[in-house]
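Which chain is which? The protein sequence lines are A and B, in order. Positions 1 to 653 (this note's numbering) are the ones given, in order, by the first sequence. Positions 1001 to 1219 (this note's numbering) are the ones given, in order, by the second sequence.
The hints are simulated quantities; they were obtained by calculation from the structure and are not laboratory data. Heads up, a few of these hints could be off.
Cross-link-like lysine-lysine pairs, in silico, BS3-like; alpha carbons within 25 angstroms at most [stated by the list, open to error]: (1) A:K167 to A:K118; (2) A:K479 to B:K1040; (3) A:K548 to B:K1170.
Computed footprint of chain A on chain B, listed as stretches where at least three residues anywhere in the stretch have a Cβ under 8 angstroms from a Cβ of chain A [stated by the list, open to error]: (4) 1034-1047; (5) 1098-1107; (6) 1177-1190.
Selected chain B positions facing chain A (Cβ under 7 angstroms, derived; list incomplete) [what the hints assert, rightly or not]: (7) F1147; (8) V1164; (9) S1167; (10) K1170; (11) V1171.
Every residue gets a Cβ at the ideal spot worked out from N, C-alpha and C, and that includes glycine.
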Amino acid sequence: MRISLQLLLVLLVFAISSAYTSDLEVLLKLKSSMTSTWDSGLKDWDPSGESTSPHCFFSGVACDEDKRVVSLNMSFHNLSGSVPPEIGLLNKVENLILAANNLTGRIPAEMANLTSLKILNISNNMFMGNFPGEITLGMTQLEVLDIYNNNFSGLLPTGLVNLKNLKHLHLGGNFFFGRIPESYSKIQSLEYFACGGNELSGKIPASLAYLKRLKYMYLGYFNSYEGGIPPEFGSLTSLEVLDIASCNLSGEIPASLGHLKHLRRLYLQMNSLLGAIPHELSGLASLEHLDLSVNQLSGEIPGSFSKLENVTLIHLFKNNLSGPIPQFIGDLPNLQVLHIWGNNFTSELPANLGRNEKVTHLDASSNCLTGSIPQDLCKGGKLSEFILMNNFFSGPIPEELGYCKSLTKIRLMNNTLNGTIPAGIFNMPALTIIELTNNNFSGELPSNMSGNALERLDLSRNGITGRIPPAFDNFLNLKNLLLDGNRFYGKISEEIFRLKFLSGINLSTNNLSGAIPTSISSCTSLTSIDFSRNSLDGEIPSGIASLKNLGMLDVSQNHFSGQVPSEIQYMSSLVELDVSNNNLSGKIPASGQLLAFDDSSFSGNPNLCPPHNMSCQSLVNSAQASSSHGYKCWHSIRKLLVSIITLCLLSIY
Amino acid sequence: MAAASWPWTLSASLTVTLTVTLVSVANGNSEGDALYTLRKSLSDPDNVLQSWDPTLVNPCTWFHITCNQDNHVTRVDLGNSNLSGHLVRELGKLEHLQYLEVYKNNIQGSIPSELGNLRNLVSLDLYNNNISGIIPTSLGKLKSLVFLRLNGNRLTGPIPRELVGISSLKVVDVSNNDICGTIPTSGPFEHVPLNNFENNPRLEGPELLGLASYDTNCS
Chain A
1 MRISLQLLLV LLVFAISSAY TSDLEVLLKL KSSMTSTWDS GLKDWDPSGE
51 STSPHCFFSG VACDEDKRVV SLNMSFHNLS GSVPPEIGLL NKVENLILAA
101 NNLTGRIPAE MANLTSLKIL NISNNMFMGN FPGEITLGMT QLEVLDIYNN
151 NFSGLLPTGL VNLKNLKHLH LGGNFFFGRI PESYSKIQSL EYFACGGNEL
201 SGKIPASLAY LKRLKYMYLG YFNSYEGGIP PEFGSLTSLE VLDIASCNLS
251 GEIPASLGHL KHLRRLYLQM NSLLGAIPHE LSGLASLEHL DLSVNQLSGE
301 IPGSFSKLEN VTLIHLFKNN LSGPIPQFIG DLPNLQVLHI WGNNFTSELP
351 ANLGRNEKVT HLDASSNCLT GSIPQDLCKG GKLSEFILMN NFFSGPIPEE
401 LGYCKSLTKI RLMNNTLNGT IPAGIFNMPA LTIIELTNNN FSGELPSNMS
451 GNALERLDLS RNGITGRIPP AFDNFLNLKN LLLDGNRFYG KISEEIFRLK
501 FLSGINLSTN NLSGAIPTSI SSCTSLTSID FSRNSLDGEI PSGIASLKNL
551 GMLDVSQNHF SGQVPSEIQY MSSLVELDVS NNNLSGKIPA SGQLLAFDDS
601 SFSGNPNLCP PHNMSCQSLV NSAQASSSHG YKCWHSIRKL LVSIITLCLL
651 SIY
Chain B
1001 MAAASWPWTL SASLTVTLTV TLVSVANGNS EGDALYTLRK SLSDPDNVLQ
1051 SWDPTLVNPC TWFHITCNQD NHVTRVDLGN SNLSGHLVRE LGKLEHLQYL
1101 EVYKNNIQGS IPSELGNLRN LVSLDLYNNN ISGIIPTSLG KLKSLVFLRL
1151 NGNRLTGPIP RELVGISSLK VVDVSNNDIC GTIPTSGPFE HVPLNNFENN
1201 PRLEGPELLG LASYDTNCS
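Using the sequences and the hints, build the whole thing.
Printed below as a string of structure tokens:
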């Protein structure tokens, strides 16, 4: 008896000590299986040293009093290869986090032994094959199962539907196909459910509405469901975020969704939803983000939406919505982002818009809006994006917007706006694009201009007059300058060509005069020059040929004289050339790049002989004789010399 | 990584201005999508393509892109931009494109045959890159082409006979490649100087019309 008791003791001690070394051995086995040849941050997983249970001091490892591993976090360690079956021996582990590595292969069935698990996170790896839901059968304490962003395929696992404590289930970002199982409605403890970013199909089960504790549901992106949003979802009264975007939903938005009093974010964009926006959605008292964009919704914005006091973001763009933009939109106290472009909205923008001092982004472009621009848009000094293009707005840009230093984008083209552009617009620190094309703006540009962020300035097709200010060279990052179709006069200021990054300049169709500044040759980023249809004169500077990236040069319809610089024949980058309708003369060399252009590039210059044209040779000679003084002089001297030599020779004889 | 390897859950909560990857479905601007596909397959250390934002309604404000008044892309100016990577088939969707300037970079891969769909193309400048493969015969469909400059690459195969039918062609340069076969002599090729074919060791010289065998060992 005593012997067997001793034996029992020895066995017990042996068992316990085996248990220690087992966990240590398991961890060392994990390290050797899953680490790559170079450093992976597990250097300190070193079994040597005085401690009897060194593994409890490994980084990412925590033990209980019995020196058993209860927590193992190996995330972001560049692990690769597959998880060895030995992992199943860590049966006391409660938190197992292997996230953000390059692990591959399948989930070992031995993981079913991890019956103490509360948190299992293997997200952001490359695990593949089916996800064996059965391994969770014994994991009665499991609260978090996160397998997001792997290469799992097959059907969504159903082995986990009997878990009684599961709160967080993230199956998204894999290649699962088939339907969302109806049986998922059994997981009554669920608070977070995500299966977006897969290849799921079929109808979304209405039974998911039984998940009364559900706060977050993500079903969208890359999935392609049949049918629409189950109206039963209106009873998911704990829901805070509902994201069913971009997954082929059809039908109408159920009015019952208006019951979701705690819903903060409703994302239904990029589907094929139709019908009107239900006015019942005004019941979404907690709503902050509303995104119904890119659908086929029709009708008007419901007046009841004035109740949505907490809304910060409204995305309704690319639908078939119509009617006016209701006045209450201007009164919403928290509205920051209003994106309603690409609809058939009519009438005016609410005059109050911006008075809440919070508006940051406004894009109402491509509608049928009229009236003037609300003056308080930037009252809070936060307006960044200001886009109203393709509408029928009239009146001026309010002066107040000239003080709106937060502006990053102004795009107002294709309207009937008028007046002088506020000077402050040309002195903005963060403004990257000013696009005012095709309006009726008038007046002059300010002489003081600056802005290191400005990259594109397009004022074309307006009635702006005055001189082109030299201060354009203060826009240090300017890449495209389009001033065509205005009434600018005076010279092209030479300072413009100091801009190191200027790639495209279009001053066409103005009243500019004087010569092209020779400084143009230093503006080496230029790819496109259009000075056509002005009253420019002088010669085309030969320095233009040093612009190695110039692809387009149009100086047609001006009063340029002299010769076409022959250096242009060496400009291999130049594929578009138009010098027609000027007063150029001489013969254009029939060589190099100049051979590629046909006569239309050179026509309308009575004294110019294009490269291919042989018949104008005599015309050129007489033109040269009459127009070129020096040549005539040399001709006379030559005649005189010949006469003198002849006389000398005669006198010798 | 998986089908949705971009962090869509993050995006869901950051939907403020970004609807990035599915723009091709959402946006409906096929020209912007085609160019964005090009951006994704190019390596761009100088960030010349930084402004190529696919969430914009069209690519007409992107730098190095020029559009006409109907917001169709007419010019792509990416010469001398330190780009590598490769061209994409989707470029063939730019139906109004007239000038494709991608010269003096380090582009690899082959010339997509879909470029033959660019009916309005006036200039195809791919010279001084690292492009390999053959000159697609589909380029013979480019009936408005004036400039075809493919010199300074690693192109192989023959000069397609189909190019002879492009009467607008003025400047052809395939020098400094590994082209084989013979040089066409009819149509636009009557006026192309011989040094635009030089430094192609396997190029046999001008075609001799009437003789039987052509382009042996050259396919």
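Unsatisfied constraints (hint numbers, rising) | 4, 6, 8, 9
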